[in-house]
Amino acid sequence: MGIVLKLGMNWPDGSQWQTVWAVFQGLLLEAIPFLLIGVAIATAARAWDPRGRWLQRLPRHPLLGPLSGAALGFALPACECGNVPVARRLLAQGAPMGASLGFLFAAPVLNPIVLLSTWAAFPDRPWLLLLRPLGSVVIALVLTALLQQLSEAALLAPDLLEERRMGQPLATASLLDRRSGLIGNQPLSTTPAIAAERPSMGVLLDHGLREFLELGSLLLLGCGIAATIQTLIPRDLFLAVGQAPTLSVLSLMLLAVVVSVCSSVDAFLALGFAAMVTPGALLAFLLLGPVIDLKSISLFSRIFRRRGILLMLAGVVVAVLLIGQWLNLVLL
Amino acid sequence: MNWLPPFVLGLWGAVLLQAWGSGRLNLLLQADFHWLVLVSGLLLLALAGLAARFAPKRRSGRTPALVMLLAAPLVLLIPPRPSFSTLAANRSSGALEGESETLTFLSPPEQRSLTDWVRLLRSQPDPELYRGDPVRISGFVMPTPQAAPVLARLTVRCCLADATPVGIPVIWPEGESLKADEWLAVSGEMGVERVGGVLRSVVIAERVQPIPKPKRPFEP
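Line order of the protein sequences matches chains A and B. For the first sequence, the numbering used here gives the first residue as 2, with consecutive numbering after it. For the second sequence, the numbering used here gives the first residue as 29, with consecutive numbering after it.
No lab work stands behind these hints, which were simulated from the structure alone. Any given hint might turn out to be false.
Simulated coverage check for chain A against chain B, where a stretch passes if three residues somewhere in it have a Cβ under 8 Å from a Cβ of chain B [claimed, not checked]:
| id | region |
| --- | --- |
| 1 | 25 to 38 |
| 2 | 202 to 213 |
| 3 | 258 to 265 |
Positions of the beta carbon are idealized from the N, C-alpha and C atoms, including for glycine.
This is chain B alone, in the form it adopts within the complex (with noise of 0.2 Å):
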């Protein structure tokens, strides 16, 4: 009896049940797609049965079952663990959805995310309108060349390949150790500081406290 291919068709019915479940998908995928992932595990869980039950029995095209054999329990086993800094720093900040135009909604500066203030500062760049304005801001420590580490975020459209990084300069206070890819959440208000003779916005740091890495870290 050829038992195999339905046998690896369940058990990436299996994987793709385990990756939804086990909140692995949080690290992989945008949330809109997660149900996809979802429906294809049930459909390839029931259709691997189906084809247990009713597909003729004949031996042939083996070697695309053994290959999915062999990778299933590797992804099953094996958990994503994408370094956020590593990612980033291969890929340069990308524009922001709406950045190009005039924001008309305005939440109040404290309940701003990270995502929030990049969208606002590049859409209406003048630093001096956002001088001394609260911030609660969390991201990761991405360490950026020549320059002291920022406090980022990945955007993600779709899954982890399309992952942009938008990140906020931060003066940091004095002595504050940081490590790549930490998670901080940091207080203070919204300054100015001149780099290469032009003026931006940075946040200056009162509170930087370490947190847990959110269970959805990315940001649409």
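Isolated chain A, as found in the complex (with noise of 0.2 Å):
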């Protein structure tokens, strides 16, 4: 109400509008490098695997196929614009949905430079070392088991979903599912299908070109949402609950979604507020802010429907809000 109140009476002045741009260019020259990043390691996959033969011997197990995906963090350290291509290219490959879904929640918390960050901005805090990798998995756990209970027709993004078919065997997906113009329906877009050989060097190109075209168009989208409401929201109303065990978790939640910033650095940002709030908010802000903000949001529709998207919100809200009280519980 206080922040309707305060944007209706005061409508951003110049000087507002000129910083609205100048974070909206912040956050977008900080965010295309990794995008790219992600792209081309997207790519890489493509090539070295085309038919998903590799990819697809991932674990299948409900707890280790989630597992193994948060584990490949370490090896493709990227945050969260650059792990949405690598993840998309997972799925489109055949890889386990667990694994996969493993891979996108919790890799841009475990990876070496977001733990390393992490200790460098808080080394008094060693909990928090230990529990932030914990709580991300753990996230990943259950947004994996939450969104798996979704047939992967009601959860991928169509275009994902048909790439995904023409991978799989047809043990697990017909001709009727894979919508490849033999039977059935026409074929969804004129993407060609994954060449059973290893793809040219320009196809390669082609794809990596569209698909970054295509994250960034949605990038551009988030940065500007992003930027407007940081700059026009003063930061302190998410702050002004300071103490309070479930408001100061909540409200730092919606800092992070907010603030978007990448999460190899978001430790060093919380650590600006760490002494005004609880350390359940602490927690939650260096959660949640890796899984979702305003600037990657729309980056998930090119992996899931919007169903999944919701459902997805949905859960990882809830988690980050129980681990978050939890924590308040034990330490305050």
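Using the hints, build the complex out of the two chains.
Given below as structure tokens:
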């Protein structure tokens, strides 16, 4: 209410819009290199394993699958912008759903850069260094289990589903499912099917280029929303609830979504207000931001249908809130 | 021929290189990330050239390319002009890395930057320790509600989105007219004042000189 009144009474002036534009450029220019790294890794995976034979060997076990996907974060360090194209490629190549989702949700935290920066920012809070990766794995397990309640057809974006079907053996996806045009509906897009042989450099470039442009256009939108909201709404509003156990967790979760900072440096930002908030709120900030924020939420539309995104949002909010609450119960 | 996607990719390569070459990044990103933008710009240009030469020509998925095509000239032509005081007013002053530890190395008082002073004052907050120390600092004017403007800096770890202000109170010379966002070099000495019954350190400004905005205005 206070926010609405404030915005309603004071229309942002010129200097505020100029600041929004600068923050937008800052977010975008920082994110583009990581997006490029993610697309490059995804393209390399397509070149190296065009039929997904290796990726399909990742564990299908409901527990080992997400854990193995999460562990891939150590091998493919990327923050949340970069891991979306990589997770999309895992799914498109037919990798098990659990492993792919485990990577998508946990890799932005479970990588050496993020763990080192967390340790550098909070050397006096060893519990944070332990609970951040652990909490991230728990969230990945919860979200994976939750999203797998939907069928692949109800969960995955149509063009990703089509590509995934082409890579799966006929035992798991029939010709009808594949929508290749041989039986049933017309193919959804004109994207050529995954070649049985190693694709040529031209085809790889074409796919990588289009993926970069598609994700880049969504990133523009996300950066624009994040820059506007975080410049026009005072950050103190999120920190005002200070030591209230539940409210502080909720408000810091909201701040993590709004501020949209890369997971490799968010610990340093959290350092700025760590003394003002509860331990549970601090952990919630460091757990939620790497999974979802205003900058990256639009990117998820390249992986999930709307229902999947909503389910993921609900799941991650509840999981992070409970973890934050639990920590406050233990430490306060 | 579908020239659009490679062209747009090359255009964004040019945007990144222009941002790097023009010094614009100094206003947007922490210096550690500048090389990433440079390398990405070069890679995008190279990939655009390769795609134009080798990628199969087909027409599909034009909307993202058009969106990126429209956005690139805007980013290229409209430079960022952030108001630091607007940004700072929206964000509470945060803790600094290392301030919770006792500082073992101290540069001489007149060589300390504004951020060095803030870190020291938070680490060892007894104001009497610094009374009379010479001060030579620079920063921008940040208005504060119901108090005199402070001299401030923004600390940035990654990009402007995480910019956090650190400010130091100043007793300004009589009649000094101050404008928000104006960059000043202040010299004087450290004093002590009582605010709300609590003693705190304050810079007693003897000489205030307007200076151009530094090329790299952020502090790590």
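Coverage claim, chain B over the region 25 to 38 of chain A, checked by counting residues with Cβ within 8 Å (three needed): holds (count 9)
Assertion that chain B covers the region 202 to 213 of chain A - criterion: three or more residues, beta-carbon distance below 8 Å: holds (count 9)
Coverage of the region 258 to 265 of chain A by chain B (three or more Cβ within 8 Å): With 5 residues close enough to chain B, the hint holds.
Checked against the numbered hints listed earlier, the structure breaks none of them; every hint is satisfied.
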